[in-house]
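Engineer: Could you build the full structure based on these sequences and the hints that come with them?
Protein chains: 4
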Amino acid sequence: MHAIGIDIGGTKIAGGLVDGSGNILKELRVPTPSNDPEAIVAAVVGLTNQLAQGESVIGVGVAAAGFVDANRENIVYAPNLSWRNEPFKAKLSAKLDLPVIIENDARAAGWAEFAYGAGKEASHMILLTIGTGVGGAVVSNSQLQRGKFGFAGELGHIRVVPNGLLCGCGQHGCIEQYGSGSALLREAKALVASGEPKGARLKELQESAGELTGNEVYQAISEGDPAALELLAELGSWLGQTIATLCAAIDPEVVVIGGGVSAAGDLLLNPIREAYLTHLPARDYRPKLEVVPAKFLNDAGVIGVADLVRVAQS
Amino acid sequence: MHAIGIDIGGTKIAGGLVDGSGNILKELRVPTPSNDPEAIVAAVVGLTNQLAQGESVIGVGVAAAGFVDANRENIVYAPNLSWRNEPFKAKLSAKLDLPVIIENDARAAGWAEFAYGAGKEASHMILLTIGTGVGGAVVSNSQLQRGKFGFAGELGHIRVVPNGLLCGCGQHGCIEQYGSGSALLREAKALVASGEPKGARLKELQESAGELTGNEVYQAISEGDPAALELLAELGSWLGQTIATLCAAIDPEVVVIGGGVSAAGDLLLNPIREAYLTHLPARDYRPKLEVVPAKFLNDAGVIGVADLVRVAQS
Amino acid sequence: MHAIGIDIGGTKIAGGLVDGSGNILKELRVPTPSNDPEAIVAAVVGLTNQLAQGESVIGVGVAAAGFVDANRENIVYAPNLSWRNEPFKAKLSAKLDLPVIIENDARAAGWAEFAYGAGKEASHMILLTIGTGVGGAVVSNSQLQRGKFGFAGELGHIRVVPNGLLCGCGQHGCIEQYGSGSALLREAKALVASGEPKGARLKELQESAGELTGNEVYQAISEGDPAALELLAELGSWLGQTIATLCAAIDPEVVVIGGGVSAAGDLLLNPIREAYLTHLPARDYRPKLEVVPAKFLNDAGVIGVADLVRVAQS
Amino acid sequence: MHAIGIDIGGTKIAGGLVDGSGNILKELRVPTPSNDPEAIVAAVVGLTNQLAQGESVIGVGVAAAGFVDANRENIVYAPNLSWRNEPFKAKLSAKLDLPVIIENDARAAGWAEFAYGAGKEASHMILLTIGTGVGGAVVSNSQLQRGKFGFAGELGHIRVVPNGLLCGCGQHGCIEQYGSGSALLREAKALVASGEPKGARLKELQESAGELTGNEVYQAISEGDPAALELLAELGSWLGQTIATLCAAIDPEVVVIGGGVSAAGDLLLNPIREAYLTHLPARDYRPKLEVVPAKFLNDAGVIGVADLVRVAQS
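Listed in order, the protein sequences are those of chains V, P, G and S. The opening position of the first sequence corresponds to residue 17 in my numbering, with each subsequent residue numbered one higher. The opening position of the second sequence corresponds to residue 17 in my numbering, with each subsequent residue numbered one higher. The opening position of the third sequence corresponds to residue 17 in my numbering, with each subsequent residue numbered one higher. The opening position of the fourth sequence corresponds to residue 17 in my numbering, with each subsequent residue numbered one higher.
Bear in mind the hints are in silico, worked out from the structure with no lab data behind them. Treat each hint with caution, since some may be false.
Put simply, identical chains are the same to the list, so a pair is met inside one copy or across any two.
Simulated crosslink set (DSBU-like; lysine-lysine; CA at most 35 Å straight-line) [said to hold, decoys possible]: (1) LYS28 - LYS105; (2) LYS107 - LYS214; (3) LYS304 - LYS219; (4) LYS28 - LYS136; (5) LYS136 - LYS105; (6) LYS42 - LYS214; (7) LYS304 - LYS136; (8) LYS136 - LYS214; (9) LYS105 - LYS42; (10) LYS304 - LYS105; (11) LYS42 - LYS311; (12) LYS111 - LYS304; (13) LYS304 - LYS42; (14) LYS28 - LYS311; (15) LYS219 - LYS42; (16) LYS28 - LYS219; (17) LYS219 - LYS205; (18) LYS304 - LYS107; (19) LYS311 - LYS205; (20) LYS304 - LYS28; (21) LYS136 - LYS311; (22) LYS28 - LYS111.
Structural biologist: Right under this line is the structure:
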């Protein structure tokens, strides 16, 4: 039997009918209506009904960027959706005849990689998604970790610099401020503003585009612009240092790197690997983990949260 | 039926016969013979035979300060015992008729607190032992975490200061260098050496003892010496900051503080609690954890590793 | 003979007729007209003419918050006035019959303290002004240091945290982000936002005022609110650490603390003194410096820049 | 007329007869006898008499690695010579008919570069000597800065990492721990110990030499070994960051890099220049300084301290 996965993003809601091997059989997308929970509930219900039509479905999983409580019933805090303690599962269940689960989107993506993707051979895996922010998921002993209150795997808020840059979480020095796509863009803008000769190509791209965005930075990386590659390598170094610390606490065998910035491939992964090795505690006395790219990009949330429906019922 | 727990420390080996409720029925101690694995095997076998005599015993668990592999068969690296890849389980099993497990001592102590001590109401718990170094154990979903390679819970090697103090693990800036008893002693010595007036009481204690050791520092703390309390509070602050970072990754509901320095009670725990609260990411939107003292001090290893025998067979 | 000093601030321009002992004989203030250099030139000329009327005057000195070049002719960069490479001296000289000098306002204030104030017994002095930002002035061998390009004494941009908070100067981790009045206000707001019980008094003050400003924080400090005092002490600790580093480079005998926040007196100075002593390199082998409050508050710029006219002609 | 300069090093004492243009006319070396001040006084007297024979000499200057007081009479603290408050000038003057001055060796070297070497066109110069430690000298307004107590220019003890590596001065995080030859050797040893493939060449050199010393690291740098060059570049990056901070306080126009490690030339200087530019506060609004190699290597102390005799009498 199939399961439905829905992934609520900032600009669109994606839904998929997913089989028991993690394949998407049917997929639909609609624009994210607004921050109004009721409109989003309606959109999710609409997508679900379309996807379920004529199919035998065991349930629907819904992933969203926000803190989901440990019971997976409420969205405690979704900064982008401006939700606070939203009883999202109850609202969906009231309008759907199917079993419903909700999950944090990075955890759903982590589960997809663990079940069918880059971590499928592993029993202990970490996912880091490098996008606007830094998201995470932890799988230990083949179990997706939620922690006591549903906050496990918020790896973007590991502190890497005491008294460091201010983070949206209210603290200073989180890895999200040093290892995310936003950090990369901030540093690229600073380089252009500095007028240093090595920033010349980024400056050209800024001038021709009117404004420097992730697209221009990505173009410079693709062209092999040395300055852009250096900024990317610095990003990777911070991430590798963070992984070394996570080895002390969690000890995974594989770290999967996903999110938009991971499209840079080994240009990002190699600096991560190097910094990880350099900073690993007791590195002479322990096996090393692997750092690998994610298999699923845009579909990870849909596949993962659909599979979690299956897990919840098994 | 009872189980036997053996805890190999730097100066003595403690053994106990432990019932199914975590009570020690009989206890024996012998000096740690030397760093020779064979002599230690003989001592463990001797203790086990004495404790098992006339009892119905389901197995023996042995805890040691070292990295134990994920299969719990070899001691990969025991800095204090100078062991490398020692096949400790096989050597013990060859001389004992009982099932044998081996475990890292901090993880054994963590399990004792989880099963019968300060964490017994919890499903997600962290233990930090503050002694010469900083040890740790992580219990998630009521499972003791070992990680892929047996290194999970090495919380003393979470990095808190980039380019910070050199640690015995070969890295810089580990919490062990800021939050351990050794760190406290180092800072106390530095204060005395500085000649600052506020270090006067510590200086007196140093002069009367000939050398400043943990005992003198502890005495100054007991007397309420403001400088010693300030150093202890700084120790606690580093630990609280580390716990805040661990919340992002692991999200426990309770953190148990054990080890010799934890004898200072709330003088240590209150600064930990305050720093934890101050540094918790997204602190306005999440439940808080509790920071509590360990229940078992010297016996935690014996009780925990005996109970892990029971768990292994259930 | 007397000299005229003019201090161009963000909201008002103060002018004074100053005698050869640093006494202000006559003082006038007008609102700062706008950021238009011509209007400001006109205001300075007007004040000067009024103050000079019927007096024998050797020249006029003008202080402004901005980088003044080493020749003291141009204002290279004045962030608050939005000036860039403004030939301020030439514009003033064209309209005044008196010799003109221009100077950075913190350096002028530093000179006032050195010549007639808290540093008058010293030959090596540093001034730190703790206001919205952190300003500075260095006097070595009884000479006001300007550096090669006019940037010496920009002590607010000493880096104290690698990869630290972003500063208005484009760099990260400057002491201005940790030791200024703005830093104090930022931390006070964060404490109120956290909802922690110890922030209760600051929260009350915020609610009754509608918004938390420096005034409310200062009121809490005056009342002895423990949380506000703790934030102030942390500010002082950062400043003391910075002074310890400056001892290695410059080795002054006295550090004068001025600026609005210095009104807190020993509540600020004692934490500075303590952190300085704790962090001084080779502290057992060297004399210690003194940390003292500024003598002149609002008038320091006027007195100092008038005296610098005298120095320039001697 | 000529002056005599004597430079007391850890293994040898060098003496030279120096003309009024900074040329060494005659030079002698003897082994440093011991740490006994009397034996060193005798050696200095002997060298002086030999050099002065048949010459018209205005005085003798003696440089040593230690803190020299502001009156240049006593050596307050010389860690390598184990001297404390040694009245060195008085002891020398008692046995010599010439005027005597004493000076810190890095300051003497800085003066040589300022008067006749890489800084001779400048009025504001900083010298950084990168040897076992990091030494410094500051010249502002063409005056060698000594500070109030003789400690100005101790640039190796600028703090670059809060809670960083422990320094011989008793503090943590001094640039000497990150930017010296000792730091380079420490990092090279750590790389070899890590067993990482990129450390292969350094490992070979260690094995063939029996131990890794500065010579082996320098050989790897000379051969273009990428790992050794990377370690050297990191050293340079820390130094460049420190120079950026010194610009805020002192604002020199040229920074001269001397000491044994400076033999690496642009392999060291280019990373310094790059890091300086990247970290300079308000870098878009200010002239840049130059980073140049020292002109004098082993003779800088002799030339500089001889010239300071001349300055003292002019």
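Engineer: Now look at each hint and say whether the structure bears it out.
Structural biologist: Consistency of the hints with the structure:
1. For a Cα distance limit of 35 Å, the shortest separation of LYS28 from LYS105 inside one copy, 20 Å, qualifies, whereas the shortest one across copies, 56 Å, does not.
2. In this assembly of identical chains, LYS107 and LYS214 lie within 35 Å of each other by CA distance neither inside one copy nor across copies; the values are 54 Å within and 38 Å between.
3. Only between protomers do LYS304 and LYS219 lie at most 35 Å apart by alpha-carbon distance; the minimum there is 21 Å, versus 40 Å within a single protomer.
4. Only within a single protomer do LYS28 and LYS136 lie at most 35 Å apart by alpha-carbon distance; the minimum there is 28 Å, versus 45 Å between protomers.
5. For the identical chains of this complex, LYS136 and LYS105 are neighbours both inside a copy (29 Å) and across copies (31 Å), given an alpha-carbon limit of 35 Å.
6. Taking CA atoms no more than 35 Å apart as the test, LYS42 paired with LYS214 passes in neither setting, with 47 Å inside one copy and 48 Å between copies.
7. When the C-alpha separation of LYS304 and LYS136 is checked against a cutoff of 35 Å, the pair qualifies both within a copy, at 18 Å, and between copies, at 34 Å.
8. When the C-alpha separation of LYS136 and LYS214 is checked against a cutoff of 35 Å, the pair qualifies only between copies, where the shortest distance is 31 Å, while the shortest distance within a copy is 42 Å.
9. Taking identical chains as interchangeable, the C-alpha atoms of LYS105 and LYS42 lie at most 35 Å apart only when both belong to the same chain, with a minimum of 23 Å there against 53 Å between chains.
10. Proximity of LYS304 to LYS105 under the C-alpha cut-off of 35 Å is restricted to the inter-copy arrangement: shortest distance 24 Å between copies versus 40 Å within a copy.
11. Within a single copy, LYS42 and LYS311 get their C-alpha atoms as close as 19 Å, which meets the 35 Å cut-off; across copies the closest is 55 Å, which misses it.
12. In this homomeric assembly, LYS111 and LYS304 come within 35 Å of each other (Cα to Cα) only across copies, at 34 Å, whereas the closest approach inside a single copy is 48 Å.
13. In this assembly of identical chains, LYS304 and LYS42 lie within 35 Å of each other by CA distance neither inside one copy nor across copies; the values are 39 Å within and 42 Å between.
14. Only within a single protomer do LYS28 and LYS311 lie at most 35 Å apart by alpha-carbon distance; the minimum there is 21 Å, versus 51 Å between protomers.
15. With identical chains, the CA atoms of LYS219 and LYS42 are never at most 35 Å apart, being 43 Å at best within one copy and 53 Å at best between copies.
16. For a Cα distance limit of 35 Å, the shortest separation of LYS28 from LYS219 inside one copy, 32 Å, qualifies, whereas the shortest one across copies, 40 Å, does not.
17. Taking the shortest Cα distances, LYS219 and LYS205 sit within 35 Å of each other inside one copy (9 Å), while across copies they are farther apart (37 Å).
18. Taking CA atoms no more than 35 Å apart as the test, LYS304 paired with LYS107 passes between copies only; the shortest distance there is 27 Å, against 45 Å inside one copy.
19. Within a single copy, LYS311 and LYS205 get their C-alpha atoms as close as 30 Å, which meets the 35 Å cut-off; across copies the closest is 38 Å, which misses it.
20. For a Cα distance limit of 35 Å, the shortest separation of LYS304 from LYS28 across copies, 33 Å, qualifies, whereas the shortest one inside one copy, 39 Å, does not.
21. Taking the closest pair of Cα atoms, LYS136 and LYS311 come within 35 Å of each other only inside a single copy of the chain (10 Å); across copies the shortest separation is 40 Å, beyond that limit.
22. In this assembly of identical chains, LYS28 and LYS111 lie within 35 Å of each other by CA distance solely inside one copy; the values are 21 Å within and 65 Å between copies.
The structure fails to meet hints 2, 6, 13, 15 from the earlier list, while all remaining hints are met.
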